[in-house]
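Top to bottom, those sequences are chains A and B. Those letters in the first sequence? Residues 51 to 161, per this note's numbering, in order. Those letters in the second sequence? Residues 64 to 179, per this note's numbering, in order.
Bear in mind the hints are in silico, worked out from the structure with no lab data behind them. Keep in mind it's a predicted model, so treat the numbers as computed, not measured. One should not assume that every hint holds.
So these bits of chain B aren't anywhere near chain A, every CB distance computed over 12 Å [as the list claims (entries may be wrong)]:
(1) CYS76
(2) GLY79
(3) LEU109
(4) LYS127
(5) SER136
(6) THR145
(7) CYS157
(8) GLY171
Pairs of lysine-lysine residues, derived as BS3-like cross-links and limited to a Cα-Cα distance of at most 25 Å, are as follows [claimed, not checked]:
(9) LYS160/A x LYS92/A
(10) LYS129/B x LYS83/B
(11) LYS77/B x LYS118/B
(12) LYS118/B x LYS92/A
(13) LYS83/B x LYS118/B
(14) LYS118/B x LYS117/A
(15) LYS83/B x LYS92/A
(16) LYS127/B x LYS83/B
(17) LYS106/A x LYS117/A
(18) LYS104/B x LYS160/A
(19) LYS77/B x LYS129/B
(20) LYS118/B x LYS104/B
Just so it is clear, CB atoms sit at the ideal spot from N, CA and C, and this is done for glycine as well.
Here are the chains, one letter per residue:
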Amino acid sequence: QKEVEQNSGPLSVPEGAIASLNCTYSDRGSQSFFWYRQYSGKSPELIMFIYSNGDKEDGRFTAQLNKASQYVSLLIRDSQPSDSATYLCAVNLDAGNMLTFGGGTRLMVKP
Amino acid sequence: GAVVSQHPSRVICKSGTSVKIECRSLDFQATTMFWYRQFPKQSLMLMATSNEGSKATYEQGVEKDKFLINHASLTLSTLTVTSAHPEDSSFYICSARGRAGAYGYTFGSGTRLTVV
């Protein structure tokens with residue numbers, strides 16, 4: 051079983067819709083959770099991080115964490131074609147530890 | 064915000080030669096540096112973790128004598144691919160983390176290595 055799992059996609063949504071990206075993790079001791087966006091040929095850029103159960107909103111992005119069910123999700127409201135990218139979920143056990151990445155979900159936003 | 068500068072962005076080298084990739088944290092002290100490799104259409108695979116002033120910790124299956132990591136200062140880490148071969152062609156990315164309390168992991172812009 052992979053430590054961090056994501057559906058590889060592609061997830062296709064129309065422009066203006068809500069894109070929902072999901073991630074599950076296996077280690078119950080995981081402390082912090084990150085969402086990165088990666089355009090083709092580029093390095094990942096941090097979108098959001100979340101530590102506590104519940105929702106965290108930043109502009110069009112909302113991260114949702116449910117530690118009991120061991121999943122974290124990312125919602126993108128009013129999706130734009132420029133949001134088309136691969137979204138990577140990353141998890142770490144504590145502040146000093148490395149990040150473990152999921153395989154990424156490719157999102158396609160169609161005009 | 065935290066910035067990590069990675070150079071070169073692209074490099075083409077001949078098989079058997081060595082290539083050095085540099086990663087610098089520009090506005091913070093990177094106590095820990097992570098080096099990743101990413102093959103096309105795959106996720107990031109951690110190669111090694113280095114803490115300033117100490118030897119790097121390599122992930123299973125990564126040859127430490129082939130991928131030399133130096134983290135001699137709080138702002139600079141280098142990865143040297145020695146005796147490169149075509150199968151080493153990949154996208155190499157560094158990620159830096161600051162002192163305790165700085166929970167972000169900032170990525171460099173990546174280096175596309177092609178070994179011919």
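Hints versus structure:
Taking the minimum C-beta to C-beta distance to chain A, about 19 Å, the non-interface status of CYS76/B holds against the 12 Å cut. Remark: the non-interface label on GLY79/B is consistent with the geometry, its nearest Cβ contact in chain A lying 26 Å away (cut-off 12 Å). The beta carbon of LEU109/B sits about 6 Å from the closest Cβ of chain A, which is not more than 12 Å, so the claim that it is off the interface is violated. Here LYS127/B stays apart from chain A, with its beta-carbon at least about 16 Å from theirs, past the 12 Å limit.
Distance check for SER136/B against chain A: the nearest CB is about 20 Å away, which clears 12 Å, and the non-interface claim stands. Its beta-carbon lying about 23 Å from the closest one in chain A, THR145/B satisfies the requirement of being farther than 12 Å from that chain. The beta carbon of CYS157/B sits about 9 Å from the closest Cβ of chain A, which is not more than 12 Å, so the claim that it is off the interface is violated. The Cβ of GLY171/B does not lie farther than 12 Å from every Cβ of chain A; its closest approach is about 6 Å, which violates its non-interface assignment.
Pair hint LYS160/A plus LYS92/A holds up; C-alpha atoms about 21 Å apart against a cutoff of 25 Å. Pair hint LYS129/B plus LYS83/B holds up; C-alpha atoms about 12 Å apart against a cutoff of 25 Å. Distance restraint check for LYS77/B and LYS118/B: the Cα-Cα separation of roughly 28 Å exceeds the 25 Å cut-off, and the hinted pair is therefore not satisfied. Proposed proximity of LYS118/B and LYS92/A is contradicted: the alpha carbons are some 28 Å apart, above 25 Å.
Between LYS83/B and LYS118/B the alpha-carbon distance is near 17 Å, which keeps this suggested pair within the 25 Å criterion. Restraint check: the Cα-Cα separation between LYS118/B and LYS117/A comes to about 34 Å, which exceeds 25 Å; the hinted pair is violated. Taking the CA atoms of LYS83/B and LYS92/A, the gap is about 19 Å. The hint holds against a cut of 25 Å. Using a Cα cut-off of 25 Å, the hinted pair LYS127/B and LYS83/B holds, with the two alpha carbons roughly 14 Å apart.
The suggested pairing of LYS106/A with LYS117/A holds, with an alpha-carbon distance near 14 Å, which does not exceed 25 Å. Pair hint LYS104/B plus LYS160/A holds up; C-alpha atoms about 21 Å apart against a cutoff of 25 Å. Using a Cα cut-off of 25 Å, the hinted pair LYS77/B and LYS129/B holds, with the two alpha carbons roughly 16 Å apart. For the hint pairing LYS118/B with LYS104/B, the CA-to-CA distance comes to about 31 Å; that exceeds 25 Å, so the pair is violated.
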